[in-house]
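> When you get a sec, could you build the whole thing from the sequences and use the hints?
Line order of the protein sequences matches chains A and B. This note's numbering puts the first residue of the first sequence at 120, with every later residue one more than the last. This note's numbering puts the first residue of the second sequence at 942, with every later residue one more than the last.
Simulated from the structure, these hints should not be mistaken for lab results. It cannot be assumed that every hint is accurate.
Stated by the list, open to error - Here are the simulated lysine to any residue pairs, SDA-like style, with alpha carbons at most 25 Å apart:
#1 B:K1144 / A:V214
#2 B:K1001 / B:A1096
#3 B:K1144 / A:L167
#4 B:K1001 / B:S1118
#5 B:K976 / A:V216
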Amino acid sequence: MMRHRDAFRWLLRSAAVLVCAAAVSGCGGGGYAEVVVVDDGPPPVALLEIALTRVGPEAIAIDWSDDPYVARFIVRRDGHTLANVNATSLIDASVFVDESYCYQVSGYDTSGLLVAASGAACVTLLP
Amino acid sequence: MRSCVAIGLVLTASIAMLHPSAAAEIDLSGTGTFKPPSEEQLAGLPADLAFTRTDLASGKWSFFVRYEDRTGDADADPFVGRYVGAIRVFRVTVGSTTVDLPIDQAELAVSDGGLGFAHRESIRLATRSVAPYGLLRVDWVQLNQHSRSDDLRGAGGALSSDSMPTPSTIANLATSSAFDRYLQLRIDRPGDARPLLYLSSSKVSVTAASAAAR
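Next comes the structure, spelled out in structure tokens:
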């Protein structure tokens, strides 16, 4: 609900900036018009909940929450892309004991825009 | 009269110094949830397992450990404390089945940047049991880890030494990641590289209390 409101506000402000710019340019030549564009930043990004579970001696399950605007999720491990999926869970069996791994999930809409992301979650595999 | 009271106080203090504190038994209780094995995994488990498929499908578990807090360190490593014999009871419940695990195999181990990992400190309560279906291992593990350049030994980390931590620390060590604090249950069959069953969860709430207070 909060997210819809934020998105609506962002659209409203973007539209307002466009209307102001159009109005100023519509004044025709002659004078100088100062246009102040307020950068409201990118559209809001929803927070994804992420959970890590060791499911084997050398296997970690990554589970994350869904988002209705996400078409694809990209799972990154230590900053590198691990998988590009449309599911909300993944088992990483390419891990080793005595190492630590940090995962982060990003969600993109059909246009490829980032619309959801998790924080980084780390886990260590003890023998 | 006053001198008698003073002498009495001195004697009492002297006796107290000779016996700084009596050993106490501490009860550690943890309860939480885990992600149940898939239907396919459950179907592949042997029927003689300690826990039924219903237990495992419930996704609920708990553990109880009673330990004695004055047991001596059996490990000569200055950064590793191994408190063999400290654990008096180690019990795990999955679903509605409770298993009392053997305490002769149980230990409370503390690493204050030891074991070759100066950037890690951990508390581990572990036990194992040999059963017809395999080797059952249960661990309550808490690990605080920083970047490799950090040295957590001594005052640098959450644990100041390898001595027996306080009950509240054994229940809730301040770990850098919430996922490095977990209950783990593992069953291995002899000769198999992959475990028959592996359960782990960080969704566990743990409390500590004096056993005498119960």
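> None of the hints should be skipped; say for each whether it holds.
Evaluation of the provided hints:
The suggested pairing of K1144 of chain B with V214 of chain A holds, with an alpha-carbon distance near 22 Å, which does not exceed 25 Å. A distance of roughly 37 Å separates the Cα atoms of K1001 of chain B and A1096 of chain B; the hinted pair therefore is violated under the 25 Å criterion. As the CA atoms of K1144 of chain B and L167 of chain A are separated by approximately 18 Å, the hinted pair is consistent with the 25 Å bound. Of the pairs offered as hints, the one joining K1001 of chain B and S1118 of chain B holds, with about 22 Å between alpha carbons and a cut-off of 25 Å not exceeded.
This hinted pair checks out: K976 of chain B and V216 of chain A have alpha carbons roughly 21 Å apart, not beyond 25 Å.
In terms of the numbered hints stated before, the structure departs from hint 2 and from no other.
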